[in-house]
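Novice: The numbering of the sequence shown is my numbering, which starts it at 88 and goes up by one.
FYI, nobody ran anything at the bench for these hints, they're computed from the structure.
You may find that some hints are simply not true.
Simulated restraints on C-beta separations [as the list claims (entries may be wrong)]:
| id | residue 1 | residue 2 | range |
| --- | --- | --- | --- |
| 1 | Ala-166 | Asp-90 | 31 to 41 Å |
| 2 | Asp-176 | Gln-142 | 18 to 28 Å |
| 3 | Thr-116 | Ile-145 | 16 to 26 Å |
| 4 | Thr-116 | Ile-157 | 17 to 27 Å |
| 5 | Thr-144 | Thr-100 | 31 to 41 Å |
| 6 | Val-174 | Met-88 | 47 to 57 Å |
| 7 | Thr-95 | Leu-152 | 19 to 29 Å |
| 8 | Leu-108 | Asp-148 | 49 to 59 Å |
| 9 | Leu-169 | Leu-141 | 31 to 41 Å |
| 10 | Gly-114 | Lys-167 | 17 to 27 Å |
| 11 | Ile-91 | Ile-163 | 20 to 30 Å |
Think of the CB as a built atom: it goes at the ideal place given N, C-alpha and C, for glycine as much as any other residue.
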Amino acid sequence: MFDIVLYTCLAVTSLSLAIVLIRAVIGPTVSDRILALDTLGMMLIGIIGLIMILQETIVYDDIALVVAIIGFVGTISMAKFLERGVVIDND
């Protein structure tokens, strides 16, 4: 029974991931695309977590952490680029 719930959650999350991917591609503004990519990263972490629960292992926890760090740095970099026009200031 627990496996059925996990597979259902995995299917719903995968469907949501596809919808967010569409938003990231055809978002009307750059801000929408940035938020969609951030959401995509968080959903990917959720999918990795569900797979870890299904397989009863903690092998993929490093992958989830790397995805989280890359998503955070990417979101901050894009927000800074939108605000100032550059990512790294030389001042």
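Novice: Now tell me, hint by hint, if it's right for this structure.
Specialist: Evaluated hints:
1. The hinted window of 31 to 41 Å between Ala-166 and Asp-90 holds, with their beta carbons roughly 40 Å apart.
2. Distance hint check for Asp-176 and Gln-142: the Cβ-Cβ separation is about 44 Å, which falls outside the suggested range of 18 to 28 Å.
3. Roughly 39 Å separates the CB atoms of Thr-116 and Ile-145, a value that falls outside the hinted 16 to 26 Å.
4. For Thr-116 paired with Ile-157, a C-beta distance near 23 Å keeps the hint of 17 to 27 Å intact.
5. The supplied range of 31 to 41 Å is broken by Thr-144 and Thr-100, whose beta-carbon atoms lie about 19 Å from each other.
6. At roughly 49 Å, the beta-carbon separation of Val-174 and Met-88 lies within the given 47 to 57 Å, and the hint holds.
7. A beta carbon spacing of about 26 Å between Thr-95 and Leu-152 agrees with the range 19 to 29 Å that was offered as a hint.
8. Our hint of 49 to 59 Å for Leu-108 and Asp-148 is violated, since their Cβ atoms are close to 24 Å apart.
9. The hinted window of 31 to 41 Å between Leu-169 and Leu-141 holds, with their beta carbons roughly 38 Å apart.
10. Evaluation of the 17 to 27 Å hint for Gly-114 and Lys-167 yields a pass: the beta carbon distance comes to about 19 Å.
11. Look at Ile-91 against Ile-163: about 39 Å separates their beta carbons, and that is not inside 20 to 30 Å.
Checked against the numbered hints above, the structure violates hints 2, 3, 5, 8, 11; every other hint is satisfied.
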